[in-house]
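Below, each chain spelled out in residue letters.
There are 2 protein chains.
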Amino acid sequence: MVKKVLKFGGTSVGTTERIQHVAKIIEKEQSLGNKIIAVVSAMAGKTNDLVKLSKEISEEFNKRELDVLLSSGEQVTCGLLSGALIKLNVQAKSWLNWQIPILTDGEHTNARILNIHIEKINKYLDHGGVAIIPGFQGISKFGDITTIGRGGSDATAVAIAKIFNASTCEIYTDVDGVYSTDPNKIPVAKKIDKISYDEMLELSSLGAKVMQSSAVQTAMMYDIPLEVRSTFTDRKGTKIFSQENIDYTKSVTGVAYSKDDAKITLIGVEDKPGVAANIFEPLSKAQINVDMVIQNISSDQKTTDITFTVKRGDVSKTKQILKKNSNINYKKIIENDKVAKVSIVGAGMVSTPGVTYRMFRALSDEGINILAISTSEIKLSVIIEEDNTLKAIKKLHTIFDLD
Amino acid sequence: MVKKVLKFGGTSVGTTERIQHVAKIIEKEQSLGNKIIAVVSAMAGKTNDLVKLSKEISEEFNKRELDVLLSSGEQVTCGLLSGALIKLNVQAKSWLNWQIPILTDGEHTNARILNIHIEKINKYLDHGGVAIIPGFQGISKFGDITTIGRGGSDATAVAIAKIFNASTCEIYTDVDGVYSTDPNKIPVAKKIDKISYDEMLELSSLGAKVMQSSAVQTAMMYDIPLEVRSTFTDRKGTKIFSQENIDYTKSVTGVAYSKDDAKITLIGVEDKPGVAANIFEPLSKAQINVDMVIQNISSDQKTTDITFTVKRGDVSKTKQILKKNSNINYKKIIENDKVAKVSIVGAGMVSTPGVTYRMFRALSDEGINILAISTSEIKLSVIIEEDNTLKAIKKLHTIFDLD
Numbered sequence: 076m077v078k079k080v081l082k083f084g085g086t087s088v089g090t091t092e093r094i095q096h097v098a099k100i101i102e103k104e105q106s107l108g109n110k111i112i113a114v115v116s117a118m119a120g121k122t123n124d125l126v127k128l129s130k131e132i133s134e135e136f137n138k139r140e141l142d143v144l145l146s147s148g149e150q151v152t153c154g155l156l157s158g159a160l161i162k163l164n165v166q167a168k169s170w171l172n173w174q175i176p177i178l179t180d181g182e183h184t185n186a187r188i189l190n191i192h193i194e195k196i197n198k199y200l201d202h203g204g205v206a207i208i209p210g211f212q213g214i215s216k217f218g219d220i221t222t223i224g225r226g227g228s229d230a231t232a233v234a235i236a237k238i239f240n241a242s243t244c245e246i247y248t249d250v251d252g253v254y255s256t257d258p259n260k261i262p263v264a265k266k267i268d269k270i271s272y273d274e275m276l277e278l279s280s281l282g283a284k285v286m287q288s289s290a291v292q293t294a295m296m297y298d299i300p301l302e303v304r305s306t307f308t309d310r311k312g313t314k315i316f317s318q319e320n321i322d323y324t325k326s327v328t329g330v331a332y333s334k335d336d337a338k339i340t341l342i343g344v345e346d347k348p349g350v351a352a353n354i355f356e357p358l359s360k361a362q363i364n365v366d367m368v369i370q371n372i373s374s375d376q377k378t379t380d381i382t383f384t385v386k387r388g389d390v391s392k393t394k395q396i397l398k399k400n401s402n403i404n405y406k407k408i409i410e411n412d413k414v415a416k417v418s419i420v421g422a423g424m425v426s427t428p429g430v431t432y433r434m435f436r437a438l439s440d441e442g443i444n445i446l447a448i449s450t451s452e453i454k455l456s457v458i459i460e461e462d463n464t465l466k467a468i469k470k471l472h473t474i475f476d477l478d
Numbered sequence: 076m077v078k079k080v081l082k083f084g085g086t087s088v089g090t091t092e093r094i095q096h097v098a099k100i101i102e103k104e105q106s107l108g109n110k111i112i113a114v115v116s117a118m119a120g121k122t123n124d125l126v127k128l129s130k131e132i133s134e135e136f137n138k139r140e141l142d143v144l145l146s147s148g149e150q151v152t153c154g155l156l157s158g159a160l161i162k163l164n165v166q167a168k169s170w171l172n173w174q175i176p177i178l179t180d181g182e183h184t185n186a187r188i189l190n191i192h193i194e195k196i197n198k199y200l201d202h203g204g205v206a207i208i209p210g211f212q213g214i215s216k217f218g219d220i221t222t223i224g225r226g227g228s229d230a231t232a233v234a235i236a237k238i239f240n241a242s243t244c245e246i247y248t249d250v251d252g253v254y255s256t257d258p259n260k261i262p263v264a265k266k267i268d269k270i271s272y273d274e275m276l277e278l279s280s281l282g283a284k285v286m287q288s289s290a291v292q293t294a295m296m297y298d299i300p301l302e303v304r305s306t307f308t309d310r311k312g313t314k315i316f317s318q319e320n321i322d323y324t325k326s327v328t329g330v331a332y333s334k335d336d337a338k339i340t341l342i343g344v345e346d347k348p349g350v351a352a353n354i355f356e357p358l359s360k361a362q363i364n365v366d367m368v369i370q371n372i373s374s375d376q377k378t379t380d381i382t383f384t385v386k387r388g389d390v391s392k393t394k395q396i397l398k399k400n401s402n403i404n405y406k407k408i409i410e411n412d413k414v415a416k417v418s419i420v421g422a423g424m425v426s427t428p429g430v431t432y433r434m435f436r437a438l439s440d441e442g443i444n445i446l447a448i449s450t451s452e453i454k455l456s457v458i459i460e461e462d463n464t465l466k467a468i469k470k471l472h473t474i475f476d477l478d
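Chain order of the listed sequences is A and B.
The first sequence lines up with residues 76 to 478 when you count with our numbering.
The second sequence lines up with residues 76 to 478 when you count with our numbering.
If several chains are the same, the list does not tell them apart, and a pair holds so long as it fits within one copy or across any two.
Below, in silico cross-link-like pairs of lysine-lysine (BS3-like), each with a Cα-Cα straight-line distance of 30 Å or less: (1) K130 x K168; (2) K469 x K269; (3) K121 x K99; (4) K121 x K168; (5) K392 x K334; (6) K469 x K314; (7) K266 x K237; (8) K162 x K360; (9) K103 x K127; (10) K103 x K138.
No wet-lab data here; the hints were simulated from the structure.
Make a model of the complete structure from these sequences and hints.
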């Protein structure tokens, strides 16, 4: 008998009709001889509704009480799904965070799971029951409800898979897997059958909103096989596991993009030690996330130009901080928020020579100017003019054999 | 320092604006030096919404899971009200049923409260905190959530007042008290300042939907002073306590009516021992509640006519059962569902001679025919034609000095 954790996101349980459909998925998985723990999100939109109510009272609503409020959403789904299973004559039971219990570090609205008691649920599974567990929540050692941050239902599922020693953790959602690029933009995008944790993390951070990054990190840390699949089709999804288990026939796994970046260049910065720290320390203190940084020698050899990217929403705050900062001298600030970040991701890149060169050549062939470059072990990102995004993705998707 | 239980019903907490208003009421009560425990209902309409969801899945939704589902409603109100109080700089905290805990007999959807742990909350009150508690729920000895039936928030409030030894239990609702009759129908209806538990029970059972009867019964049993008052005005409400504490200057406290009854007459029933039992036993087994029963001698001395009233919704079921019942012989069934029950209620009736006579005379003066009569210690009810209801109430309200 195989123990499986199945996690169902907000859209998968968005209506009672969908909840009944989820009940049928669980019924089928159990009839195949699996022991099932299901982790559920709040019905789509419900958490936002509850947040809205709290904001009507206070923008800085007390965090302990916000957790009491928000945790009710998953409780509703738990009750409905258990009831739907029982109606199908499947033995099922909801287990709320305090009934298990799921113990957290007590940090309200952003808790981390420390431990989960497994005895009672394991016994229940042994007797043929399906356990339904609310995602996104636990209790502190003082018995207060603590939620574990937005998207925390994925984290709950992975933590449960780890602690219950499940053989797999399946994330049911409204897309049927991870794609080689955005299928809404590039129709030849292909679903990826297998992907490594690292690649998934890079793709997630680049805008592929399939799974919560922190949950993927946890899965990677404990080597828990994941599968992202659609609640609404029978098709296989994308399996996510450690790199060693994947045969890479292709150097590049996927092409991602994001249009949330802006590029800022400081022209004529004094070229002396410590200048970069002087620029970026106050930005970091202001919670501004600096992504790429490029430093060039300037024409006059005594000054340099520094280019970096931040989120578009942070541009005006960034400029304010730079202007107020008396520790740095520069001649001019140039900004450009009409840029896009396009990345190729692939664990096979390390062992394939020439990937970098091929990317640059391909973009150049299309007449696309590269404004900034950043690389990692399994990722290569460039900043280009926003208008060129689609052309760049199409070209890269083709030349790296992803069509 | 006086300990008070304040209970806020669904319409009182129906929006975040109203919840903030409730927070101000609590703030004021606390600033007067009172220790406050607030018991809250789900926001108006929410429980019905949740029931509707469950019915979309199954008309006979599993009761354990229904309780998990429904209890989320009061949890939401608890979080929002505590947050609203904290925003007013009032020290406040929500205490969910399992955090207290409130222990019940475990009967899902219809539990009875057995015990409430008071130590932690008493300590919290001693330190100046306001405790916010969800009505309508508790946990079984196995740690399952159990709700205590619709309207159970009143019952929770009274049980908490009893167990915490509170000096009073105030029921905040959308009406400003108990009236001498329906103020929507009879504009001269007056708010009653003081009323006994018994009178309140009679008025409740006769259609004055101000408070849950079982909660009044519990308050009566343990002699807990109640006050029903409006959340939306500053006016005093109606105090409810034991009869000994009330000086009755009037024989009649109020006039009530209900239009939910139907009258059934069996003509020519064989007049022998056991016949009434033969008629009413099968009705009782079918959960049909028979209210008044009148038996007259028939003209031929060998048979009798039996008249009784049931709820209108039960008429056709009642007739079916009577017709199938071979144990009783009768000549004819007559039914009339265009009748109303009008009652006068007053603890002062016992000690005032002639109340019965005055009621019958008054109705006769108005040309109203009495179809059936039933009496108790503190109540006198008659069945009349429905069209005469308003005329009857007006007349009785006047002649018993209630205008």
